[in-house]
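Participant: Now for the letters of each chain:
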Amino acid sequence: MSAGTYAPKPGAAPVGRMIAAQAALETKMLLRNGEQLLLTVVIPSLLLVLFSTVDIIPVSVEETGGSGKPVDFLAPGVLALAVMSTAFTGQAIATGFERRYGVLKRLGTSPLPRWALMAAKTLAVLVTEVLQIALLTAIAFGLGWSPSGNPLFVLLLLVLGTAAFSGLGLLMAGTLKAEATLAAANLVFLLLLVGGGVIVPLDKFPDGAQSVLGLLPISALSDGLRDVLQHGAGIPWGNLAILAVWAVLGLGAAARFFRWE
Amino acid sequence: MPASPADTSAAVVQIHGLRKRYGSKTAVDDLHLTAGAGITAVLGPNGAGKTTTVETCEGYREPDAGTVRVLGLDPIADAARLRPRIGVMLQSGGVYSGARADEMLHHMAKLHAHPLDVQALIERLGLGGCGRTTYRRLSGGQQQRLALAMAVVGRPELVFLDEPTAGLDPQARRATWDLVRELRADGVSTILTTHYMDEAEQLADDVAIIDEGRVVAQGSPEELCRGGAENTLRFTGRPGLDVASLLKALPMNTAAAELTPGAYRVTGTVDPQLLATVTSWCAQHGVLPDRISVERHTLEDVFLELTGKELRG
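Protein sequence lines, in the order shown, are assigned to chains S and B. Residue numbering for the first sequence follows the numbering used here, starting at 1 and increasing by one per position. Residue numbering for the second sequence follows the numbering used here, starting at 1 and increasing by one per position.
Calculated from the structure, these hints are not laboratory results. These figures come from a predicted structure and were not determined experimentally. It is possible that part of the hints are untrue.
[Stated by the list, open to error] Incomplete in silico selection of chain S near chain B, CB under 10 Å:
| no. | residue |
| --- | --- |
| 1 | G4 |
| 2 | G11 |
| 3 | R106 |
Ideal placement from N, C-alpha and C gives every residue a C-beta, glycine not left out.
Please put together the full structure from these sequences, using the hints given.
Facilitator: Right under this line is the structure:
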């Protein structure tokens, strides 16, 4: 490199270009990570195929909306699980390790503002979710899924669910040690998978437990998606409200308590 | 002795009365430091406050008291304006563990308006061989060179390098030094923390020695070696020379003694003039001085003298 190569010529790239580059890199990192793919793609797909074709957890005719096809009950739950796996589990683990390995610290002195970093992370989550939903929807159709309902309500549920899970995931990543986040995020994923109406209908639980479990973000999301997609229900205000409260609490706490180093 | 505040317009870093505590531990205590253009090395024992000082300049730490200006800007209040103008190399990490070297460098380049040619920089720092290896599987030296590349790719005015050659082999150290010198030649200033005295001696225009949260000495390596401690000239000759007569020929503040019969030591400001005075005095007295040696203090001597020789945790 010749003389003058390093002559200062500082300047930040346009913020839109920075966000696009950051979101592209984060998405690439996520899709390259084997453990992440297990959570976001393999487990939801397997659950959908397995429980739709093998009668492990009996789903009543009423629960399947009278069609008798388990996939009509399972597909909305698995879509909710996909959102949780990316926005919560995947994002918490990835961000926790980025914090641990100084990536967040290093980006903190780059021209990328913090809000733009968070915007890029959100974009990366949304891109991943679109890919997940495309794949899972295709599998569900292959299994004979016949959804109904207003797509706009579905979109609303997915967006609010993403916000709620992102807030909780970032709160965990920004306050716990990376190893603790890894363990806790996986444990929560497993617990909510079982107790959040994803594959096990909530009415299989005792009455007292049902009312508590129904307030979980995963239950609100899976229940709301099921109401719309399976039963063609109108706008699911109750579930949207639960998700909105979680989103406000989670994102608010994350903004307040997140430590960058 | 803090630097004279005379030429503050050219200062890239100005720290006045910086104080920073972590719990009950005072990391930096009323620290004053002015760094001009060029290469400034910040030396100090572990826990002296080097990293806290530098991280305050980078905007990572908020001062408990005092003011910090970097390129005339407040690192926290003016962060958005300052960040594009500085390049930061952390002691370790800073890269996605699953990212490849070229990928991360291309990414950092995209965050800047007029970045360097990434491919040329990769070749320059010998990172071309990293291929598809992800960051966590790179060698320590490769990781460090990548961090250095990330600090300069945005064409900053000022780079902060935190122990840039720690753990590098001699070839990689020299390659890093060469790059830092090229940066200076092209008008980029550098603030460098290091444990290596030879690194500071080789590279720095200005050296600040920090101990227990304060700057205890600052100056060019030559100034520090000259001023901090006396130098020594030794020679051997006939036993019983008239040391008092030699002393009369020497400048003030110079000492001379016969340590053991025939072994003489002169201490003071050892410069070419002093050496000439000693040899001509010997010639006048018909003495052939044997084994003349000049022991100049190194930066390490000065450092140890100022910061103490005992190990600290």
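Participant: All hints, please: hold or fail.
Facilitator: We went through each hint and held it up to the structure:
A distance limit of 10 Å between C-beta atoms decides the matter here; for G4(S) the minimum to chain B is near 6 Å, and the interface restraint holds. Annotation: interface hint on G11(S) holds; nearest CB of chain B at approximately 3 Å, less than 10 Å. Residue-level restraint check for R106(S) holds (minimum Cβ-Cβ distance to chain B is 3 Å; threshold 10 Å).
In the structure shown, no violation is registered for any of the earlier numbered hints.
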